[in-house]
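*Asks:* Okay, here's what each chain looks like letter by letter:
6 protein chains.
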Amino acid sequence: MYQHTRELQFTAKPEKPDALYAMKLQEILGGQFGEMTVMMQYLFQGWNCRIPGKYKDMLLDIGTEEISHVEMITVMIARLLEGAPGETTEKAAAANPVLAAVLGGQNPQHAIVSGGGGQPKDSRGVPWNGGYIVSSGNLLTDFRSNAAAEGQSRLQSSRLANMTDDRGVKDMLAFNLARDTYHQQQWLLGIQMLVEEGYVENEIENSNGDWENKDAAHVFYTSTNGSRAGEGLWATGNSVIDGEPFRAEPLRPLTDDDAVLPAPDPLQYVTYDGSQGPGKPGNAAGAVGQQAENVVTKVKDAITGDKH
Amino acid sequence: MYQHTRELQFTAKPEKPDALYAMKLQEILGGQFGEMTVMMQYLFQGWNCRIPGKYKDMLLDIGTEEISHVEMITVMIARLLEGAPGETTEKAAAANPVLAAVLGGQNPQHAIVSGGGGQPKDSRGVPWNGGYIVSSGNLLTDFRSNAAAEGQSRLQSSRLANMTDDRGVKDMLAFNLARDTYHQQQWLLGIQMLVEEGYVENEIENSNGDWENKDAAHVFYTSTNGSRAGEGLWATGNSVIDGEPFRAEPLRPLTDDDAVLPAPDPLQYVTYDGSQGPGKPGNAAGAVGQQAENVVTKVKDAITGDKH
Amino acid sequence: MYQHTRELQFTAKPEKPDALYAMKLQEILGGQFGEMTVMMQYLFQGWNCRIPGKYKDMLLDIGTEEISHVEMITVMIARLLEGAPGETTEKAAAANPVLAAVLGGQNPQHAIVSGGGGQPKDSRGVPWNGGYIVSSGNLLTDFRSNAAAEGQSRLQSSRLANMTDDRGVKDMLAFNLARDTYHQQQWLLGIQMLVEEGYVENEIENSNGDWENKDAAHVFYTSTNGSRAGEGLWATGNSVIDGEPFRAEPLRPLTDDDAVLPAPDPLQYVTYDGSQGPGKPGNAAGAVGQQAENVVTKVKDAITGDKH
Amino acid sequence: MYQHTRELQFTAKPEKPDALYAMKLQEILGGQFGEMTVMMQYLFQGWNCRIPGKYKDMLLDIGTEEISHVEMITVMIARLLEGAPGETTEKAAAANPVLAAVLGGQNPQHAIVSGGGGQPKDSRGVPWNGGYIVSSGNLLTDFRSNAAAEGQSRLQSSRLANMTDDRGVKDMLAFNLARDTYHQQQWLLGIQMLVEEGYVENEIENSNGDWENKDAAHVFYTSTNGSRAGEGLWATGNSVIDGEPFRAEPLRPLTDDDAVLPAPDPLQYVTYDGSQGPGKPGNAAGAVGQQAENVVTKVKDAITGDKH
Amino acid sequence: MYQHTRELQFTAKPEKPDALYAMKLQEILGGQFGEMTVMMQYLFQGWNCRIPGKYKDMLLDIGTEEISHVEMITVMIARLLEGAPGETTEKAAAANPVLAAVLGGQNPQHAIVSGGGGQPKDSRGVPWNGGYIVSSGNLLTDFRSNAAAEGQSRLQSSRLANMTDDRGVKDMLAFNLARDTYHQQQWLLGIQMLVEEGYVENEIENSNGDWENKDAAHVFYTSTNGSRAGEGLWATGNSVIDGEPFRAEPLRPLTDDDAVLPAPDPLQYVTYDGSQGPGKPGNAAGAVGQQAENVVTKVKDAITGDKH
Amino acid sequence: MYQHTRELQFTAKPEKPDALYAMKLQEILGGQFGEMTVMMQYLFQGWNCRIPGKYKDMLLDIGTEEISHVEMITVMIARLLEGAPGETTEKAAAANPVLAAVLGGQNPQHAIVSGGGGQPKDSRGVPWNGGYIVSSGNLLTDFRSNAAAEGQSRLQSSRLANMTDDRGVKDMLAFNLARDTYHQQQWLLGIQMLVEEGYVENEIENSNGDWENKDAAHVFYTSTNGSRAGEGLWATGNSVIDGEPFRAEPLRPLTDDDAVLPAPDPLQYVTYDGSQGPGKPGNAAGAVGQQAENVVTKVKDAITGDKH
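Protein sequences appear in the order of chains A, B, C, D, E and F.
Residues in the first sequence are numbered consecutively from 1, following this note's numbering.
Residues in the second sequence are numbered consecutively from 1, following this note's numbering.
Residues in the third sequence are numbered consecutively from 1, following this note's numbering.
Residues in the fourth sequence are numbered consecutively from 1, following this note's numbering.
Residues in the fifth sequence are numbered consecutively from 1, following this note's numbering.
Residues in the sixth sequence are numbered consecutively from 1, following this note's numbering.
There's no promise every hint is true.
[Unchecked claim] For each label pair, taking beta carbons as the anchor points, the in silico distance ranges come out as:
1. C:Val195 to D:Glu197: 25 to 35 angstroms
2. A:Val240 to E:Arg247: 44 to 54 angstroms
3. C:Asp273 to A:Pro266: 27 to 37 angstroms
4. F:Pro245 to A:Pro266: 28 to 38 angstroms
Source of the hints: derived by calculation from the structure; they are not laboratory data.
Note that CB positions come from ideal geometry on N, CA and C, so glycine has one too.
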C-alpha cells in the first residue's frame, strides 16, 4: 500500500519559465527511458518478486522513489510552462518577433490539452506505453535491464542538462544524475549478490545451458567485407561459462535448408506452383500432429479406465 | 549494403506442425525482445557508430546475423502452420473434438491475414514497433542495453523450449540459446574493452559527473516499512566512482517545496483559487524569460555591430 | 513524495489458481479503464492542480490509493497463475485432456514473458498507454471524466465478478466495486462543490459561452428516417445555461459551402483540374497571412525604435 | 445505412491560411477528444444499443452529425493549408526570414504525406486509435462518458478559439462550442430519463450492489500528510445509494496480507529462495483447480448417462 | 453532411450465434484492411480531393457506402454474440465440457468491455488506428492504394467465408465479396480515366522524372545466390516511361562511400575515436549551413533596405 | 542468410548539414511508406512465398536491396545532423538569432535520444510499427499493395526533393526516385506474369467468385446529392470478370433489416427494454449453437465407435 507526502523529494523550481525546454523535458517523464518507465518497471518487478526480504524490498523501495521522481518532473514542467503562449499566435508574435520561434517549437498540447501541465508522453507527443517495461521474474536479467535503463536515462538527463543554463533546472538534474549514477551501481551490485548467494552461477543467463549448441556459444560471425571485429575480446577472450576460447569466423550457412515451405491450404488462396505436392485444407489435426491423437487416446482411457 | 544467401543460417524444420506453438513463437520474432528488436537495435547502433573499425564492424556484423535469425524464425513459423485450421470451424471440431482447443487458441490472423506465414507481431498480435529499440550513440550504455536484451531474449527462448518436445524446434532453439549465451558475453566484453581502451573511465555512465549531487550518489532510500533492503551490497558497499561508502536511509523529502504551482493563464480555463496572485494570459515572453530578451538584444547588436 | 507499506490495502488471495481468469483480470489492471488509468489520471490531475487544499489533496489522496489497487490486482493475478502451464503443451494435454482449453485460452505472455506475473496490458495483450488518461487542469471537466471512468471501471469489475465463483476473488472485487460506487459519487459531489463555491456557474463547460452560436446550443438534429429521438428530454426540456427551450429539427446544411478546396501547391503533385485557378508553390507567406508581415514590421520597429 | 449531402453542415472558411493553426486544429480532428472520437463513440454505442426507439435513434442521430463535423474540420484544415511551404526551406526563409518560425513549427506531414489535407491524427502526429472510444452497452455509464467527452472536447475547442483572430475560424468554432454546450446537456438529460423511466435506480452504476463491501462504499481515504480532503462533500455528505453518511479516514491496510507470492514454476527460471516450498512445473491442473476436475467428471457423465 | 437510414444496406442475420466467429470477424471490421480503413481512407481522400465532379463525388459516394458496411458488420457481430458466455467459467464448462474450447478462444472484451457488441479493433484486440489509411492528394497513387486495399480486404473476407457454414453470414459475405470485386475494378478504371483525361501521362507515379537517375530506373538488382529473378518481365521487358529495356544485374555498391560519420558533438557523449577530427559543440549554424547565413543577411537587408 | 558490404549502395553525402531537413527525412525512413516498410514487407512476403524460383527470389532480392536503402537514409540523416544544436538553447539563439527557428523545429530526440543518429520513427516521432506491412501469401494482392507502396513512397520522396537545394541530398533522392519508378513497374509486371502463367485468371482478386452476389458486383452506388460519379468508367464500362456492364444507382437499403439486436445477457447489465423477450445468461451453448451439440455427439461416437 502507498502513502503520499506533500513535500517533493527534491526541489523542482526553475529560475524562469521556458516552454521549449518543458517540451524537451517530457522525454525523461514519459519517454522510453523516462521516470514513468523505471517507476513501472521496478514496481512490477517488486510486486512479482518471489524472494521476500532484501531483493523484494529493494525493488519496491526504489520503485516507490521513482513515483516521487515522476511527481518532481511533472511539477517542474508545469512551472516551466508558466506564461506559455495560450493566446492568439499573431498577437504574441507581434509583441515580440523572436517569440515566433517558441510559438513554432513548443508542445501545442501543453496549451490545448493539459492546461499548462505535464503529460504522460515523450518529447514528441507519443504516449508512454507498457511495452517499454521489463518484468520477467528472473532477477539476473531484470537487474541488467534495470542497469541499462538507468544508463540510458542518465545519458538523456545529462544531454538535457547541457541544453539549459537555468540553475533551478540544473539543481534538480544534478540530483537526478546522481540517483542514476547510484542506481546503475545498485543493479550491478544486485547481480553480484545473486551470484554470491548462489541464485545463479555467473552473470550470464544460462538456463537450459546443458543442451544448448556448445559450438555456437563460442563464435563471433563476421559478415562485413574486411571486418575488423575479430580484434575484440569477444573473439580473443574466453567464455565465462566453460573457459573455452572464443573465435571469429565468417558468417556462413550451417545448413543446406533453403527455406522451401510446405504446400499451402488451398482454401487460403496462397499463390503456389504445386512443387511441394498438393495442398490440403487445414484440418487442425495437421496442426497439432501426434499431440491431438494422444489426447483423444487419453480421453478414451480416462473413461474406460485404461492405463498405458 | 546487404546481400542474401538462399540457405538459412541454421536448420528450421519442425518434426510436425503445431499451430498453437506457432502462435507462441511469434513472441521471439516480433515481441519486445524478439529477433526484430535485436536486428534493428544493432543495425541502427552500427549505422550510427562513430568509431570506424572493430566496434562499428562488430555492431554491423551481429546486426546482419540477426536479420538471418528473423528469417529463420519466420520460416519455422510457416512450417509449424502447415495444415493449420483454415476451414469451417464446425467441420474441424466435428472431425476431432479435441481440436476445438487448438481452434480456440491459435492465432486467427495466421489464417485470415498472413496465409500461414509469420508476422511482425508478438504472441498476442501486437505489432512490433520502433519504440522497442535503443540507439544512443554512447556505446557503454548501448552495450549494456544489448546485454540486457540478449538476456531477456534468451530467457524467453528457454521458456519456449520447455513448452515443446519437437526435436526440430528444440535443435533450432539450442542454436538460438547458444547465440544468446555468446552475445551476452560479447556485449559485456565490449564494455570491458571500452574501459581498457580509455573511452570511459569505468562501467558507469557518468557524464557531467563533476557537478552531479555527490551525496545523492551514495544513498539507498528505503520507503517500505521494515525494509530489509539495507542488507544489500548497494547499501554496504562502495562507489566505483569515488570509493566512498554507500549507505541506506529512510526516504524523506530533501526540500520543503510543496509543489504549489504558479497562477495559470486565464485563457486556458484552468480551475484556480487565486492563491498565487492573478494569472496572466500567456505571452510567450513569460515562457522564454530572459532568453527572449537576450535574443532581441543580439539581433540589434548583429545589425548595429555592437559587442557586449 | 511517496512511501510504501508492505501490507496490501485489501486481501488479494484466490481460493485456487485460474489461469484463464488471470488473463481476463488483466482488463482491470492495464486496460482502458483499468487501475493504471485511474491511478495515472488522478496523480497527473493532482500534480497539475492549481488549488492548494481540499481539491488538490483529494486528487492526490485518491491517486495514491489507486497505486495500492494496481498493486492489489497484480498480486491477485500472480496468485491466480500458480501452476499455470509452462511446460510442454503435449504433456499437459495428455495428462488431462480438458486442460487443452486452458492451454488455448490462457495468456501466453504470462508464461513466456512475465514468469507468472501480471503485466501493464489489457486482457488481449495491448500495452497500457498514456493516451487513456485525461488531465486538462479544468476540474469540472476532469471530475466528470473521472466519474465516467469509475462507472466504466465498476461495470467491467462487476461483469468480471459474474465470471467466477472463487470467494477470494469475489471478496477483493466486492471491495473494488464498493470503492467505485463511492468514487463515482465523490466526483459528482466534487462538481457540486465547484458550483457551490463559485468556480463555475453550473455543471456545463461553458467557457467563451458569450460568443458561441446561441441557436445551435438549443437544437437536437435528427438524421435518421423516422427518428423518435425528439421524444427525449434533450428535445423537450430547457437549457440550464439560459433556460431557453430545446427543440428537435431534421439535420440539414446550415450553409451552401460545398467544401470546394483551393488550388494546390503544384510542387506537391496533388491531382487538380485547375477549376480554382492556378496553384502557386507554397511560400509560407500564404500560410501565415498578415501575421508574417506584422512580425517583419515589428522586427524593424524593435530596432529602429518606431512605435505604431 | 448512410447518405451524403454535398453541402457542409456549417461554413468552414478561414479568412486567410495559417499553417501553424492547421497543425493545432488537428487536435480536435484526430486527437483523444477530437471529432473522430465522438463520431465513432456514438455510432458504436448506437449500433450496439438494445432499445429500439428514442435512445438508439438519438445515439445514431448524433453519431451521424459528428461525421459531418469530421468533414467540416477536415475541410477547414485543407483551407488553412493553402500556400503552406512545400518548397525549398532555404528559399522560403530567404524570401522572408520571419517565415523560418512557421517552417519550424508546421506539421511536416501536411506537406510530405497528405498533400495539404487533414489527417486522422492529433496535433502532434499521433494517429487516432480505437482505444479512445467507449461503448459498453450500459447507457448510464456510456452517457456519462459521452458528457465527459463533450466537456473535454469543448474545452479544447475553446482554448483553440483563443489562439486565433480569424473570423472564419471563430465562426465555425462558435458553432462547435454551441453544439458541445448542447450535447453535454443532452447526455446528462439522457441519464435523467434513464432514471425516470426506471432503467436504473439512480445515477450511480451499482450492479452487484447487493453484495459489494458496504463499509468501503462510504469512506474517503486520506493518504497525504495534512490532507484537507476531509472538508469536501465527499466526506461530509451522504450516499445516494443508501443515505448513509460518508466519512474520511487515513488510508491504512485493511489486511495483513503482505503480498507474498506462491512458489514459481521451476521451468520458468523465476528467481526464488524456496521460502514458499518447492515450486512445481505448471500442469494446468493447478491453474484451473476444481473446475478441470468437474469438467472431466461431466464428460464421463455425458457419456455414461450419470446424473449427480 | 451525412444522413442515416434505419435499414441496413444488406441483411446481417446469422442463422445462429457463434462467439468464436464473432472474434474472427473483427478482423474485417477494425483490422488493417477492415471496413473502418476503407471508410476513413475514402472519406479523407474525398474531403481532400481538388477536382469537383466525378472524382470527388465517387470518393465520397463510396466512402459513405463504407460507413454502411461498418454498421453492417458491427450488427452481425452483436448478433453472433447472442448468448456468449458472460457468466462463471466453471458453470459453463460443467454444463457442457466442449464449451471449454469456446471459453478459451472467444474475445474476453466482448464480454467484459463491450457488453456483447462489436469493437473498433482487429481479431486480436489491437485498436484500429489512423496509421492504416492513405490520403496523399495524388489520385493516381491513392487509387492504386485503394485497389490494393480492396484486394486484401476481399481476400480476408473470402478466407473468413471458408471458416463458416452459416448461411446468414455467408449471404452477407457474398455481398461484401461482390462489392470488393467491383471496387477493385472501380479503382483501376479510375486510374485508366486519369490517364485518358491527361491528369497523368501513364500509370506510374513519375513526378520529378526529368532529373531522376535514368540508369537506376531500368535495372533489377539480384542479391541472392543463384537468383532466378532475372527470368521475370521486370528484367526482360521495357519501361513504360521511355520504352528502354530493363535488365538484371547483381547488386553491388555504386559508390565507395563507406558510411563514415562526421565527428559528434562532444556535449552528447557519443563514443568517438577522434578519427574525423575534433567534434564541436552543436551551434545550429552547423546544422543549417549556408541557409542560416543567408537569412541573417536577409534580415539585415530587410532593415537597411539593401537589395542583392 | 544475409551478408553486409561496407560500402553503401549509393552515395549519401549532403553538401552541408540541415537539422530541419533531417527531421523531415525521417518520414521516408520510419514512416508509413518509409524504407523500413518496404524492406519488411518484401522480406516477409519473400520468406512466406510458396513458389521457389523467380517470384520468391525477386521478393528476397528486392527486400535485401531495401535493407541497403534503410542504411543509406540513416547515414544521410546522421550527416545532416552534424553540428545540430545540442547545447544551451539560449546560447545558440544568442549566437545567431535566426537559429531560433531551427531550435524550435528540429527533432528534439535527435539530440536527447539518438545522439545525432537516425531513428526508426516518422517525421513526427511516431515509431515504425508492423501494422504498416502487408504479407498475405497471395501474390496478386501483395504485388498490387507493393506497387501502391512504391507509388506513395516515391511521391513523398519527390515532395521532399522539392524542399531542398542540397546537391548531395538531391543526388541520393534522384537514385531513390528512379528505384521507385522502376519498382512500381516491376510489381505491375509481376501481376502481368501471374496472369500469363495462369496463377490467376485476371488482375482482380476473385476467390469464391462462383458464389458471390453477382448483381452487387456490377453497380456503383451514389449517395451524394447531385453526384456526377455516374460519368466514370466504373459506371459506364464493363466487368473484366464476366464482361457484363456496370451501372450507377442511388444507394438504398437492399433489405428491411432494421438492425434490431437480440436480448442481452442480463449478467452484463446492458441497458434493455425487454422488447426482444427476456435475456438469458450466456451459456456458451448459445454462442456455438449446433456446433457444440455436434461435437458432443462426436465425442460419444469416438468412444462408442458409432458412425452416423
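*Asks:* Would you mind marking each hint as holding or not holding in the structure?
*Replies:* Consistency of the hints with the structure:
Roughly 26 angstroms separates the CB atoms of valine 195 of chain C and glutamate 197 of chain D, a value that falls within the hinted 25 to 35 angstroms. Take valine 240 of chain A and arginine 247 of chain E: their Cβ atoms lie about 53 angstroms apart, and the range 44 to 54 angstroms holds. Take aspartate 273 of chain C and proline 266 of chain A: their Cβ atoms lie about 47 angstroms apart, and the range 27 to 37 angstroms is violated. In this structure, proline 245 of chain F and proline 266 of chain A meet the distance hint of 28 to 38 angstroms, their C-beta atoms being roughly 33 angstroms apart.
Taken one by one, the earlier hints fail for this structure only at number 3.
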